[in-house]
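A.B. asks: Note that the first sequence covers residues 1 to 454 in our numbering.
Since the hints were made in silico from the structure, they are not lab data.
Ideal Cβ positions, reconstructed from N, Cα and C, are used throughout, including at glycine.
Do not rely on the hints blindly, as some may be mistaken.
[To be verified] Here are the computed lysine-lysine pairs in the DSS-like style, where the Cα-Cα straight-line distance is at most 27 Å: (1) Lys265 x Lys181; (2) Lys411 x Lys389; (3) Lys389 x Lys453; (4) Lys62 x Lys9; (5) Lys210 x Lys258; (6) Lys404 x Lys433; (7) Lys62 x Lys213; (8) Lys403 x Lys433; (9) Lys123 x Lys332; (10) Lys89 x Lys62; (11) Lys181 x Lys307; (12) Lys332 x Lys97; (13) Lys427 x Lys389; (14) Lys9 x Lys66; (15) Lys433 x Lys401; (16) Lys181 x Lys249; (17) Lys138 x Lys218; (18) Lys76 x Lys89; (19) Lys181 x Lys30; (20) Lys30 x Lys123.
[As the list claims (entries may be wrong)] What follows is a list of derived Cβ distance ranges for each label pair: (21) Lys218 x Thr361: 43 to 49 Å; (22) Thr11 x Lys411: 24 to 30 Å; (23) Ile88 x Asp398: 53 to 59 Å; (24) Asn245 x Lys411: 51 to 57 Å; (25) Gln34 x Pro399: 44 to 50 Å; (26) Pro136 x Lys403: 41 to 47 Å; (27) Glu143 x Ser224: 34 to 40 Å; (28) Ile88 x Pro129: 25 to 31 Å; (29) Ala362 x Lys9: 27 to 33 Å; (30) Lys9 x Ile276: 43 to 49 Å.
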Amino acid sequence: MAQKPSIPKGTRDFSPAEMVRRNYIFDTIKGVFQLYGFMPIETPAMENLDTLLGKYGEEGDKLLFKILNSGDFLSKADNALLNAGDSIKVTNQISEKGLRYDLTVPFARFVVQHQNEITFPFKRYQIQPVWRADRPQKGRYREFFQCDVDVVGSDSLLNEVELIQIVDEVYRQLNIGVVIKLNNRKVLAGIAEIIGEADRIVDITVAIDKLEKIGVDKVNAELSERGLSAAAIERLQPILALSGNNTEKLAALSALLKSSEVGTKGVEELLTVLRITDGLNLSTQVELDLTLARGLNYYTGAIFEVKALDVEIGSITGGGRYDDLTGIFGMKGVSGVGISFGADRIFDVMNQLELYPVDVTAATQLLFVNFGDTEVAHCLKLVSNLRQKGIRTEIYPDPAKMKKQMAYADKKGIGFVAMVGEDEMSKGLITLKNMQTGEQTTLNLEGVVNALKA
RNA sequence: GUGGUUGUAGCUCAGUUGGUUAGAGCGUCGGAUUGUGGUUCCGAAGGUCGCCGGUUCGAGACCGGUCUUUCACCCCA
Numbered sequence: 001m002a003q004k005p006s007i008p009k010g011t012r013d014f015s016p017a018e019m020v021r022r023n024y025i026f027d028t029i030k031g032v033f034q035l036y037g038f039m040p041i042e043t044p045a046m047e048n049l050d051t052l053l054g055k056y057g058e059e060g061d062k063l064l065f066k067i068l069n070s071g072d073f074l075s076k077a078d079n080a081l082l083n084a085g086d087s088i089k090v091t092n093q094i095s096e097k098g099l100r101y102d103l104t105v106p107f108a109r110f111v112v113q114h115q116n117e118i119t120f121p122f123k124r125y126q127i128q129p130v131w132r133a134d135r136p137q138k139g140r141y142r143e144f145f146q147c148d149v150d151v152v153g154s155d156s157l158l159n160e161v162e163l164i165q166i167v168d169e170v171y172r173q174l175n176i177g178v179v180i181k182l183n184n185r186k187v188l189a190g191i192a193e194i195i196g197e198a199d200r201i202v203d204i205t206v207a208i209d210k211l212e213k214i215g216v217d218k219v220n221a222e223l224s225e226r227g228l229s230a231a232a233i234e235r236l237q238p239i240l241a242l243s244g245n246n247t248e249k250l251a252a253l254s255a256l257l258k259s260s261e262v263g264t265k266g267v268e269e270l271l272t273v274l275r276i277t278d279g280l281n282l283s284t285q286v287e288l289d290l291t292l293a294r295g296l297n298y299y300t301g302a303i304f305e306v307k308a309l310d311v312e313i314g315s316i317t318g319g320g321r322y323d324d325l326t327g328i329f330g331m332k333g334v335s336g337v338g339i340s341f342g343a344d345r346i347f348d349v350m351n352q353l354e355l356y357p358v359d360v361t362a363a364t365q366l367l368f369v370n371f372g373d374t375e376v377a378h379c380l381k382l383v384s385n386l387r388q389k390g391i392r393t394e395i396y397p398d399p400a401k402m403k404k405q406m407a408y409a410d411k412k413g414i415g416f417v418a419m420v421g422e423d424e425m426s427k428g429l430i431t432l433k434n435m436q437t438g439e440q441t442t443l444n445l446e447g448v449v450n451a452l453k454a
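Produce the complete structure using the sequences and hints provided.
C.D. replies: This is the structure in structure tokens:
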């Protein structure tokens with residue numbers, strides 16, 4: 001063996017057995033999306049860098065995969081910058097395209113670009129890979145699939161509720177136990193406002209997002225490190241200490257945020273969403289979580305995150321409302337809300353918990369043994385006939401030894417083998433072997449169909 | 001981007017304080033069985049020990065770099 005070929009860090013190959021399982025996940029998600037009236041779109045893997053840059057924060061920009069310009073790209077670069085080793089500025093000169101980082105921003109670009117062809121509210125879903133130049137880690141890949149559903153052009157909170165229903169339905173079908181965490185950016189803005197640090201909302205949210213993980217003391221320490229005043233941190237404490245069920249938390253929050261207009265609006269939104277979902281008999285628990293703040297900073301209203309209950313793997317679905325994403329591309333006043341299912345993490349969860357139904361295989365049902373040219377010519381007709389009846393049928397391509405052909409069927413998990421040699425040909429029959437029981441019977445075509453359909 | 005971890009046959013892994021020709025199980029291929037798989041038996045193929053450099057009479061083992069794996073941090077699906 002010379003050098004072993006390999007694939008880039010953080011990417012994966014998927015075998016047939018894995019693809020069958022992944023497709024089960026994609027098909028389930030797609031099915032639910034369609035049930036709620038969403039239509040598919042696709043966008044290119046690469047976007048112009050100016051579409052992507054500046055939408056995900058400073059960190060996000062760093063994690064973008066950039067594509068080198070074609071041709072003699074160095075000739076257009078500034079030698080002074082090259083010699084100075086200024087990677088960032090040189091990058092701008094030699095790269096103008098990048099791989100998409102998520103599906104939401106390309107979607108916003110799509111909406112603006114096609115606004116005259118779109119009927120609003122526009123409900124679309126999109127299942128495609130995205131790329132992030134992150135360091136791989138548990139449940140973290142550099143290439144992974146997102147399954148996005150978004151509604152743009154409607155302010156109604158009914159959309160938020162429908163997204164929660166979709167989450168509930170998808171995970172009910174996949175049989176994954178989850179909790180839906182809900183928060184609202186306006187509430188977070190309100191909190192920042194009443195503690196007198198309205199412009200530090202990002203620092204505040206990033207820190208309190210870690211509450212559950214590192215505890216209140218370390219959160220306070222981090223807030224202090226991020227430059228928040230001791231007085232502000234002091235005023236934040238009642239909020240960090242909030243407890244009880246959703247209703248109790250919201251009541252307390254409502255009082256705390258009374259003086260903040262935006263905060264009060266956020267509380268109202270949460271109340272509305274929770275009131276409606278309460279009446280829907282969902283099997284998934286919806287939990288108000290004020291520490292839920294991570295995620296893209298273009299969110300302006302609801303924020304969602306879904307965590308698996310039985311596997312430690314970070315969030316498997318996330319999303320929220322963004323009031324002005326299209327504004328960045330020159331189309332004001334269009335609000336959108338959406339969520340994204342992380343297919344690769346869902347795949348990991350399903351694998352760990354072995355949650356696939358037994359019949360999730362698209363394996364061949366019937367293999368015809370190849371006995372030679374004459375027999376093949378005869379069998380091909382039978383094969384076509386069976387395929388037309390919807391039976392997944394193949395014929396072994398080479399006149400190999402029986403043993404080899406049988407072993408092939410065995411390893412591929414093919415349930416039945418058909419043998420048609422001279423004898424069967426002359427009688428117009430088929431010898432059918434059940435690979436599980438070893439039982440063998442000679443039937444006509446109709447008999448084979450019945451045996452396979454049973 | 002920062003810090004730790006990993007790398008030996010297709011896969012999972014042994015390999016002693018540095019010492020001749022690097023092993024096992026599983027898998028693959030062939031045969032026992034030229035119209036019968038799973039079990040059994042026999043046999044074979046398959047390695048630049050991740051890569052590059054260094055120390056040494058001698059390196060799979062030690063040192064440095066690099067890539068890869070994996071985990072944490074930042075951040076995030």
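A.B. asks: Next step is simple, just say for each hint if it's right about the structure.
C.D. replies: Each hint, compared with the structure:
Simply put, Lys265 and Lys181 have alpha-carbon atoms about 19 Å apart, close enough for the 27 Å limit, and the pair holds. Distance hint between Lys411 and Lys389 is fulfilled; the C-alpha atoms sit about 25 Å from each other, no more than 27 Å. The straight-line distance between the Cα atoms of Lys389 and Lys453 is roughly 10 Å, inside the 27 Å bound, and the hint therefore holds. Distance check on the hinted pair: Lys62 and Lys9 sit about 17 Å apart at the alpha-carbon level, within 27 Å; holds.
The suggested pairing of Lys210 with Lys258 holds, with an alpha-carbon distance near 26 Å, which does not exceed 27 Å. With a C-alpha separation of about 16 Å, the suggested pairing of Lys404 with Lys433 holds against the 27 Å cut-off. This hinted pair checks out: Lys62 and Lys213 have alpha carbons roughly 25 Å apart, not beyond 27 Å. Under the criterion of a C-alpha separation no larger than 27 Å, the hint pairing Lys403 with Lys433 is consistent with the structure, at around 14 Å.
As the CA atoms of Lys123 and Lys332 are separated by approximately 18 Å, the hinted pair is consistent with the 27 Å bound. A hinted pair counts as satisfied when its Cα atoms are at most 27 Å apart, and Lys89 with Lys62 qualifies at roughly 13 Å. Taking the CA atoms of Lys181 and Lys307, the gap is near 8 Å; set against the 27 Å cutoff, the hint holds. For the proposed pair Lys332 and Lys97, the alpha carbon gap of about 25 Å is at most 27 Å, so the pair holds.
A distance of roughly 22 Å separates the Cα atoms of Lys427 and Lys389; the hinted pair therefore holds under the 27 Å criterion. Pair hint Lys9 plus Lys66 holds up; C-alpha atoms about 16 Å apart against a cutoff of 27 Å. Between Lys433 and Lys401 the CA atoms are separated by roughly 17 Å; this keeps the pair inside 27 Å, and the hint holds. With a C-alpha separation of about 14 Å, the suggested pairing of Lys181 with Lys249 holds against the 27 Å cut-off.
Straight-line distance between C-alpha atoms of Lys138 and Lys218 comes to about 24 Å, which keeps the hinted pair within the 27 Å bound. For the suggested pair Lys76 and Lys89, the alpha carbons sit about 12 Å apart, so the restraint of at most 27 Å is met. At most 27 Å may separate the alpha-carbon atoms for a hinted pair to count; Lys181 and Lys30 meet this at roughly 22 Å. Our distance criterion of 27 Å between C-alpha atoms is met by Lys30 and Lys123, whose separation comes to about 13 Å.
Range check, Lys218 to Thr361: about 48 Å between beta-carbon atoms, so the 43 to 49 Å window is met. For the pair Thr11 and Lys411, the beta carbons lie near 27 Å from each other, so the given range of 24 to 30 Å is met. For Ile88 paired with Asp398, a C-beta distance near 58 Å keeps the hint of 53 to 59 Å intact. Separated by about 54 Å at the C-beta atoms, Asn245 and Lys411 satisfy the suggested range of 51 to 57 Å.
Between Gln34 and Pro399 the CB atoms are about 46 Å apart, so this pair conforms to the stated range of 44 to 50 Å. Here the CB-CB span from Pro136 to Lys403 is close to 43 Å, well matched to the stated 41 to 47 Å. Take Glu143 and Ser224: their Cβ atoms lie about 38 Å apart, and the range 34 to 40 Å holds. Take Ile88 and Pro129: their Cβ atoms lie about 26 Å apart, and the range 25 to 31 Å holds.
Between Ala362 and Lys9 the beta carbons are some 31 Å apart, a value that agrees with the proposed interval 27 to 33 Å. In this structure the supplied range 43 to 49 Å holds for Lys9 paired with Ile276, their Cβ-Cβ distance being about 44 Å.
Consistency with the previously given hints is maintained throughout, with no hint failing.
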